[in-house]
Structure formats: structure tokens, C-alpha cells
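Enquirer: Per my numbering, the sequence shown runs over residues 1 to 507.
Worth double-checking, as some hints may not be accurate.
As the list claims (entries may be wrong) - If you anchor each label on the Cβ, the simulated ranges turn out as follows:
1. I389 <-> Q213: 33 to 41 Å
2. K505 <-> P419: 22 to 30 Å
3. D164 <-> P417: 38 to 46 Å
4. I476 <-> P256: 45 to 53 Å
5. K229 <-> N157: 45 to 53 Å
6. T282 <-> W421: 35 to 43 Å
7. D370 <-> G8: 42 to 50 Å
8. G457 <-> D164: 50 to 58 Å
9. G457 <-> R220: 20 to 28 Å
10. K229 <-> K331: 19 to 27 Å
11. Q198 <-> G67: 46 to 54 Å
12. G8 <-> W421: 53 to 61 Å
13. K218 <-> S26: 54 to 62 Å
Stated by the list, open to error - Below, simulated DSBU-like cross-link-like pairs (lysine-lysine); rule was C-alpha separation at most 35 Å, straight line:
14. K472 <-> K280
15. K342 <-> K309
16. K280 <-> K487
17. K505 <-> K102
18. K102 <-> K122
Simulated from the structure, these hints should not be mistaken for laboratory data.
Bear in mind the structure is a predicted one, so any value in this text is a computation, not a measurement.
Yeah, the Cβ is synthetic: ideal placement off N, Cα and C, and Gly gets one too.
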Amino acid sequence: MQIEARKGKIDQADEEAILLGCFEESSRLTGALQSVNNELSGAITDLYATGDFTAKLGQTAVLYLQGRLKSKRIILTGLGKKKEITIERIRRAYGHAGKKIKELKIKSVSVQALDSDQNRIKLRESSQAIVEGISLANYKLDRYTTGNDSQKKALQNLTILTDDRRKLSEIEKGVKDGEIFSWSTIFTRDLANQPSNQLTPSQFGQAAQKLAQQNGLKCRVLSKSQIEKLGMNAFLAVGSGSNQPPTLTILEYLPPLKKVDTLVLVGKGITFDAGGVSLKDTENMLEMKGDMMGGAVVISTIAAAAKLKLPVHLIGIVPAAENLPSGTALKVGDILRSHSGKTIEVLNTDAEGRLILADALSYARSFKPDAIIDVATLTAAIKIALGPICAGIFSDHQGLKSKMIQAGERSGERVWPMPLWDEYEPFLESDLADIKNVGGRWGGASLAAVFLKAFVGDVPWLHLDIAGVDFKDKTIDLEKYYSYWTKGATGFGARLLLQFLKDWKNI
Numbered sequence: 001m002q003i004e005a006r007k008g009k010i011d012q013a014d015e016e017a018i019l020l021g022c023f024e025e026s027s028r029l030t031g032a033l034q035s036v037n038n039e040l041s042g043a044i045t046d047l048y049a050t051g052d053f054t055a056k057l058g059q060t061a062v063l064y065l066q067g068r069l070k071s072k073r074i075i076l077t078g079l080g081k082k083k084e085i086t087i088e089r090i091r092r093a094y095g096h097a098g099k100k101i102k103e104l105k106i107k108s109v110s111v112q113a114l115d116s117d118q119n120r121i122k123l124r125e126s127s128q129a130i131v132e133g134i135s136l137a138n139y140k141l142d143r144y145t146t147g148n149d150s151q152k153k154a155l156q157n158l159t160i161l162t163d164d165r166r167k168l169s170e171i172e173k174g175v176k177d178g179e180i181f182s183w184s185t186i187f188t189r190d191l192a193n194q195p196s197n198q199l200t201p202s203q204f205g206q207a208a209q210k211l212a213q214q215n216g217l218k219c220r221v222l223s224k225s226q227i228e229k230l231g232m233n234a235f236l237a238v239g240s241g242s243n244q245p246p247t248l249t250i251l252e253y254l255p256p257l258k259k260v261d262t263l264v265l266v267g268k269g270i271t272f273d274a275g276g277v278s279l280k281d282t283e284n285m286l287e288m289k290g291d292m293m294g295g296a297v298v299i300s301t302i303a304a305a306a307k308l309k310l311p312v313h314l315i316g317i318v319p320a321a322e323n324l325p326s327g328t329a330l331k332v333g334d335i336l337r338s339h340s341g342k343t344i345e346v347l348n349t350d351a352e353g354r355l356i357l358a359d360a361l362s363y364a365r366s367f368k369p370d371a372i373i374d375v376a377t378l379t380a381a382i383k384i385a386l387g388p389i390c391a392g393i394f395s396d397h398q399g400l401k402s403k404m405i406q407a408g409e410r411s412g413e414r415v416w417p418m419p420l421w422d423e424y425e426p427f428l429e430s431d432l433a434d435i436k437n438v439g440g441r442w443g444g445a446s447l448a449a450v451f452l453k454a455f456v457g458d459v460p461w462l463h464l465d466i467a468g469v470d471f472k473d474k475t476i477d478l479e480k481y482y483s484y485w486t487k488g489a490t491g492f493g494a495r496l497l498l499q500f501l502k503d504w505k506n507i
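Throw the hints in and build the complete structure from the sequences for me.
Expert: Rendered as C-alpha cells:
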């Protein structure tokens with residue numbers, strides 16, 4: 001999709017459709033909305049008057065122009081009450097518009113820039129939100145269907161218009177931000193939606209190497225023998241049941257500035273999780289092709305940070321493996337010596353994510369970072385606790401928690417702090433090893449985080465559990481709120497981390 005900002009009047013645009021955001025306050029139409037309404041002899045106010053369109057958030061309407069303007073259609077999208085406007089409400093409103101554009105197979109759209117002075121929303125921010133809402137709502141993974149011409153029918157040109165040249169620079173910045181933020185989510189969705197026979201651990205590494213070549217990054221993909229030399233026995237044990245060898249991807253972005261903070265991002269990269277010998281039931285196995293979404297978030301975020309030239313040194317670490325049952329697989333009761341030297345008693349092979357992350361987090365310390373952040377589809381327990389609308393974060397570092405919560409509010413990928421208290425530690429005490437990988441039925445998400453904490457040391461660290469929001473939930477309709485989520489993987493975490501890094505300052 002080609003996206004640009006341009007000076008021009010919306011009522012003179014000649015794209016297939018023009019798109020206008022509308023507030024509920026219909027008696028006070030202003031700016032471009034009033035101009036278009038006048039050109040249409042009051043058609044918009046007439047529509048309001050019927051009650052068919054009241055501009056509530058989630059509503060859209062289409063007017064067919066019959067030659068009265070150059071465009072064929074006007075799409076109206078409801079923004080709700082003006083006093084309640086937020087960046088996320090803008091994103092959601094234009095996500096609904098994006099779904100309508102997709103439904104109508106419109107190829108080119110001009111959008112009026114949203115210059116709202118409410119709640120201190122800047123023009124750059126609203127422009128970014130418009131681009132994200134439309135771009136993400138138009139996503140579709142169709143590479144595996146034959147005879148599919150959906151790309152020819154998809155939106156190809158999106159233009160944000162303003163008639164004030166003085167505002168064009170800020171809109172252009174917002175468009176660029178929106179393109180890159182959307183790209184990071186779409187790249188993550190693409191990887192997480194791929195079937196495991198098309199995305200093995202080795203192919204994940206190849207995807208990272210391609211990203212590195214395209215964005216001027218450094219990338220190493222370590223083989224099984226190299227991982228063995230590092231002493232990552234917990235990681236290797238998880239992949240021991242598969243014929244596909246594990247890989248360890250290390251992706252690095254180094255900005256031109258000399259004095260910058262170093263952050264290590266660690267992502268879980270289980271390209272398929274059958275549960276090992278602690279086999280999952282069939283119903284819960286289909287989406288396990290996406291158990292590498294934390295890893296996808298990490299590499300897409302680092303590439304996007306490079307595109308934005310953010311002033312922070314980033315190192316991404318993604319241990320990738322398949323967790324399958326076989327004669328060589330990890331068994332219940334096995335004891336593993338991890339990269340850190342700590343021994344782990346395995347009581348459930350389906351608690352494999354924490355095993356590979358234990359070694360990756362321990363290894364991350366060798367880079368002497370200012371902070372470590374890990375992203376993982378780690379526990380079903382986090383979805384039970386928080387539902388399919390936000391992720392859980394765990395950290396003893398108040399600065400990291402506060403920054404991540406703020407990034408969640410700005411990006412629309414919200415997070416909620418969960419307990420990481422010492423009182424959970426007895427649940428993980430083992431009679432045979434230093435620690436066991438599960439601790440019973442209660443507090444599963446916190447117990448997993450407490451397990452990870454044992455391998456981090458004194459480095460400021462935050463754990464992000466995205467298992468509840470990795471795929472669009474099929475059992476409940478959240479369309480009103482997450483209009484820009486599409487079927488399959490959500491890509492949750494990419495825009496969250498990118499916003500976190502964009503706002504990064506010393507903690």
C-alpha cells in the first residue's frame with residue numbers, strides 16, 4: 001500500500017472514496033466535514049437527522065455521490081463524543097473504516113486529517129493512528145490460497161489530506177510513524193500465521209537474516225552445535241523431540257550515536273508446541289503454530305526501531321525450537337543443567353517456554369545491558385486472569401513497569417501489572433534440583449514469571465506474557481473495540497514495544 005500526506009481539499013479529491021471522521025455533536029459540523037456537507041446540500045446533516053448514523057464509535061456509513069464530487073463515495077466513521085476522544089479511539093474508528101474499505105474492495109482513499117484540539121492530541125499522533133487503524137484492518141494472509149486475487153482488490157493508495165500547508169510536516173511525520181508501526185505488526189502477524197511446516201526454527205533464523213540485510217542490522221543464527229557450546233541444555237532439551245534442529249537468533253541494531261543505553265529483547269520462539277510428552281489436547285493445538293510470536297515481536301521491533309533510527313542499542317535474542325513428543329524427547333522427571341548453572345527439574349514438558357527463556361535470559365546478561373525485556377506466549381493462566389484484551393507484565397522495577405503501561409495506553413496494546421512476590425518461590429522448590437519448572441495449579445502466570453526471575457540476576461528486567469492476546473478470540477465479539485484485529489494472529493506486542501522504545505529514557 002502506498003501512503004502519503006498531501007496538501008489538498010477533501011471535496012476535490014478524485015480517489016474512489018473519501019473518508020471523514022465524525023463526532024456525535026452533529027449540530028456543530030466544522031471544517032472539511034461542513035464543506036463536504038454544503039457541497040452535498042446538507043446530505044450529512046440529513047443522515048444524522050434520520051438516526052441511521054449518529055457517529056458513535058464503531059459506526060460507519062457510506063454515501064454515494066452520483067457525480068456531485070469527483071469521488072464515487074463518502075465513507076463516514078464515527079468518533080464518538082468529542083470530549084472523549086483519545087488516540088486509541090481514533091485508531092479504532094479508522095479501523096472500522098478500514099474494514100468497510102476492505103468490504104467494498106476500494107483501491108484508493110483520501111482521508112481528511114483529523115486536527116482535534118481535544119485532550120491534547122497532536123496532529124502527528126492522530127495521523128499515525130489513522131494510518132494504523134486502516135492499515136491493520138486491511139491485513140489478510142492469503143499466500144497459501146490458489147487463484148486468489150485479493151491483492152488486486154485490496155486498498156492500494158491511502159492519502160491523508162490537509163488544506164493547510166503549515167500542518168503538512170506534522171502529518172507526514174505521523175504517516176511515517178504509522179507506516180512503520182503498522183509494518184511491525186503486520187510482519188509479526190505474517191510470521192505467527194505461517195504453518196509450522198513453512199516456518200521451522202531454521203526458517204525463522206532465515207527470516208531474521210533477511211530483515212537484517214534489508215535494514216542494516218547485524219545477525220547471527222547459531223546452530224545446534226554452537227548452542228551446545230554455550231551450555232544451553234534447558235533450551236536444547238525442549239527441541240530434542242524434533243527432527244528440526246533448534247536455532248538461536250541474535251539480531252542487533254546499533255545507532256550511530258555513541259552514548260546510548262543497551263536493551264536486550266528476548267522472544268520465545270517455539271515454532272510449534274505439541275506439549276512434548278505432556279501432550280496438549282487437539283482442540284488447543286491448532287494455534288500452537290503461533291507459539292513463536294514473542295520471537296516475531298522481537299525481530300520486527302528491532303527492524304522497525306532501525307527504520308525509525310531510534311537512539312537505543314538493541315540486541316534481540318530468540319531461541320527457536322519445536323516441542324514434540326518422540327523417543328528422544330524431554331521427559332517428565334528429567335533434570336537439566338541450564339546455561340546459568342542452575343539445575344531444573346522438569347515436571348511438565350508443556351511448560352517449555354520458560355525452559356528456553358531461562359537459558360536465553362541468562363545468556364542476555366553477558367551483554368551487560370541496561371535492561372532486559374522478554375516477550376512470550378507463556379501461560380494459559382494469563383488469559384484466565386486478564387481475558388483476551390490485555391497482556392500481563394511482571395517486574396520488580398517500577399520504572400520499567402510504568403513505562404510499559406504508558407506505552408500500552410498510547411499504542412492501544414494495553415498491559416496490566418501482575419504480582420512477582422517472593423512468597424511464590426516455595427511453589428517452585430524441588431527436592432532434587434535447584435528449581436522445578438511448574439508449581440501446581442494456582443497462580444500459574446506469576447509462578448512462570450518467578451521461575452524466569454531466577455535466571456535474570458540483578459539486571460532490570462520485565463516479562464511480558466502475551467498468551468491471552470496472541471490470536472483473535474473466536475468465542476467473544478470484541479470487534480467494537482479491536483476493529484483493527486483480523487482473523488488469526490493479532491501481532492500484539494510489536495507496536496507496544498516500539499512505542500516503549502520510542503519513548504525510552506534512562507530508567
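Enquirer: Each hint should be assessed against the structure and marked as holding or not.
Expert: Hint check:
1. I389 <-> Q213: 33 to 41 Å: 37 Å, holds
2. K505 <-> P419: 22 to 30 Å: 27 Å, holds
3. D164 <-> P417: 38 to 46 Å: 42 Å, holds
4. I476 <-> P256: 45 to 53 Å: Taking Cβ atoms as reference, I476 and P256 lie about 46 Å apart, which means the hint holds.
5. K229 <-> N157: 45 to 53 Å: Roughly 51 Å apart at Cβ, these two residues keep to the hinted range, so it holds.
6. T282 <-> W421: 35 to 43 Å: At 36 Å between Cβs, range holds.
7. D370 <-> G8: 42 to 50 Å: 45 Å, holds
8. G457 <-> D164: 50 to 58 Å: Since G457 and D164 have Cβ atoms about 53 Å apart, the given range 50 to 58 Å holds.
9. G457 <-> R220: 20 to 28 Å: 23 Å, holds
10. K229 <-> K331: 19 to 27 Å: 24 Å, holds
11. Q198 <-> G67: 46 to 54 Å: 48 Å, holds
12. G8 <-> W421: 53 to 61 Å: Given about 57 Å between the Cβ atoms, the range holds.
13. K218 <-> S26: 54 to 62 Å: Given range 54 to 62 Å: holds, Cβ gap about 55 Å.
14. K472 <-> K280: Between K472 and K280 the Cα gap is close to 20 Å, so the pair holds against 35 Å.
15. K342 <-> K309: 38 Å, violated
16. K280 <-> K487: 23 Å, holds
17. K505 <-> K102: This hinted pair is violated, its Cα atoms lying about 39 Å apart.
18. K102 <-> K122: 28 Å, holds
Hint check: violations occur at hints 15, 17; the rest are consistent with the structure.
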